[in-house]
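Q: The residues making up each chain are set out below.
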Amino acid sequence: MTPSAHPTADPIITVRGVSRAFEDRVAVDDLSFDVDAGTILGVVGPSGSGKTTTVRMLTGTLGRTSGEIRVLGEDPMRFSRRVRGRIAYLPQLFSLYEDLSAQENVGFVAALYGIGPFRRRKLIRRALEVVDLHDARHRLARNLSGGMQRRLELACALVHSPDVLFVDEPTAGIDPLLRQAIWDELRELKAEGRTLLVTTQYVTEAEYCDRVALIVDGELVALDQPDALRQMVFGGDVLQVDTRRAVDPELLTPVGGVSNVRQTAPRQLMVTVDDAGSSTPRIIDALRDAGVEVGGIEEHQPTFDEVFTGLVEQRRAARGTANQDTSEPRGLSNG
Amino acid sequence: MDDVAQGVVRMASFTGKELREVLRRPGVLLSLIVGPFVIMFIFGLGYSGYREPFRTEIVIPPGNELPRDAGYYESLAPGRLRVLGIGEDAAPAEQRLRSGQIDLLIVAPENASEELRAGRQTTIRVAWNEIDPVYDQLAGLATSILTSSLNAEIIEHAATEGISFAQAEIGPEAASVPPEVIARPTTAETENVAPTEPNVLSFFGPAVFALVIQHLAVTLTALSMVRERLSGQMDRFRVAPVTSMELLVGKYIAYAALSLMVTAIVGALLVGVLGVPLLGGWPPFIGIVLLLTFASLGVGLLISLVADSERQAVQLSMLILLASVFFSGFVLPVSDFAEWTQYISYALPVTHGIASLQAHMLRGTVADPWMLGVLATIGVVLYVGSLLRLRRVLRSAD
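As they're listed, the protein sequences go chains H and F.
First residue of the first sequence? That's -11 in this note's numbering, and the numbers climb one at a time after it.
First residue of the second sequence? That's 25 in this note's numbering, and the numbers climb one at a time after it.
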């Protein structure tokens, strides 16, 4: 699947044909995408799919094998001090100092960005307040819970007011309530005009992003807005139709705007339509004409689990076809 | 100017962080500093310098005119021998030596006086069963003392007989020279001209201190850097606008400050509590400590850059400590080693630290100024090497 291009004049992050190979495997293969200013790009994929490798290449902490990357107009491997001062990186693993307090950890990172002690005090307070850790500022990092440590990492990433944040799996291993809170904070940052690239293995978190890149086995499988990805998988809107008695799915296939009908239960149909609004009355009419009483009809929002499962299946199917195409001539020549 | 100020802030961030981390674990610091001194204090209290005399058996063959009194032989090498028995048969005594029942066996020659009169040397056989090199040397020393004394006794005995002959031949004047004077015409009067009285605490105090300083710097730096490398903190440094120079200088300042703190505490302990002399004064003392710290930090950084786990960093630090104990002159003088081994000794910062601190504290001089130059050179070489390596680590994570 070809990632859809996002038309912007001046993207903050540009990635073109980037690959990274290690000794025994290709971790990232021919990745291309842009990230516009003031948006969140969610990089979603299973564990080991190449998300962290991608983030590390974007932050200049890992070199690339081929391709081109620009962040704020510069190659990450040759970032100037000016650009370094405008970006922040929240690594996947907790890497702060356990023997320092929350406040001292944030202060240390602030000082790394050259912020002097007087200005630092105010910024530390603000960063800790953003992640709701100000009350715990004197506690040593080792005494904070896993969720608090993750928020402390986020505070450290925010303290120098970066324009661009690279956030690697901020919600990994964190309970759902806290995950929601962290995403609220990330969306607030976006509302302030910052640009974020966030990786996650929780596909449900894709809906918090402006655009989503699905990476599987180091390859970009899809790149678009969350709703567009739903459409891409199911070929349109999906209506869930409940009836009072069992009905033959073939009854609805001739209805205008209907592209697919699946029976999910004896008295339930999933109907894919071009547009839910215009198709609903036509489906109700068709059922009534056939003497079927409609129990209920509503638009079904497929979960992102379903969306990404569908995308991965489509990719595998496409690959299977491609493999067949390439193997057929060989088979013929052998025969 | 802004860049300079920001650079200072960044360096200070590392200094502050390192100090906080170390001081947050006072137990570690305490065990590193106070531990060796408690051990040394107990050692000083418990060790008197007195060594158990060798359990000795003497075999005097029949016909030999040497005395059979144990006290007589003990008096020949005072404090070094405890004669358990005097016999005539060497074989059972040899058996007891091999089984560890005695430490030393002395077999006197047969007819020593006759052999002497005949102008022939006689041989006293001395055997011991010892694997400890220090005791081995002491046994040799005791043997040498005993042999000299026995020789003197034999000469004295022969001379007594000779005087009767001389009186008959050369007249009564010969009788006026006592035989012991003929046997021992000179005596020795000893004097130690060192400015301080030698004692175990004074001698080992500066050495333990130098070892503590080196171990502190090596261990803490190595662990700190390895932890940062393995925890992913290095990635944060790579992304932040921080340079390898700022990182290193920040850490060096932290450990220099820490060393000064340790110097103040340990110096007060050494001089004030343990009574170790400080003849050369404080400023040069601090200078030597800072040089030693500078060189030791380089060793710690080197370890941190080659170790791939905290465990390996600890192991390498322990190896440095072990090498320091053996080769630095801490236990045995460096000059006792073969020349090629001395290169290992002089590659260790603590070797120069021990020699310089002992000379400075106990003699009030810098015995070998070149040692301070070597310390500075080790420090500079390792600093530059670490800087170059760290620059590569920070800027290319391939």
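It cannot be assumed that every hint is accurate.
With a straight-line cut-off of 25 Å between C-alpha atoms, the simulated SDA-like cross-links for lysine to any residue are [as the list claims (entries may be wrong)]:
hint: 1; chain 1: H; residue 1: Lys178; chain 2: H; residue 2: Thr231
hint: 2; chain 1: H; residue 1: Lys110; chain 2: H; residue 2: Ala124
hint: 3; chain 1: H; residue 1: Lys178; chain 2: H; residue 2: Glu238
hint: 4; chain 1: H; residue 1: Lys110; chain 2: F; residue 2: Val33
hint: 5; chain 1: H; residue 1: Lys110; chain 2: F; residue 2: Gly40
hint: 6; chain 1: H; residue 1: Lys110; chain 2: F; residue 2: Glu112
hint: 7; chain 1: H; residue 1: Lys110; chain 2: H; residue 2: Asp172
hint: 8; chain 1: H; residue 1: Lys110; chain 2: F; residue 2: Val28
hint: 9; chain 1: H; residue 1: Lys110; chain 2: F; residue 2: Pro85
hint: 10; chain 1: H; residue 1: Lys110; chain 2: F; residue 2: Val32
Since the hints were made in silico from the structure, they are not lab data.
Q: Next step is simple, just say for each hint if it's right about the structure.
A: Hints, one by one, checked against the model:
1. Lys178(H) with Thr231(H): violated (44 Å)
2. Lys110(H) with Ala124(H): Measuring from Cα to Cα gives roughly 16 Å; hence the hint holds.
3. Lys178(H) with Glu238(H): Roughly 47 Å separates the two Cα atoms, so the pair is violated.
4. Lys110(H) with Val33(F): It holds: about 16 Å lies between the C-alpha atoms, which stays within 25 Å.
5. Lys110(H) with Gly40(F): holds (19 Å)
6. Lys110(H) with Glu112(F): This hinted pair is violated, its Cα atoms lying about 95 Å apart.
7. Lys110(H) with Asp172(H): Status holds; Cα separation ~23 Å.
8. Lys110(H) with Val28(F): holds (22 Å)
9. Lys110(H) with Pro85(F): Distance of about 96 Å is beyond 25 Å: violated.
10. Lys110(H) with Val32(F): holds (20 Å)
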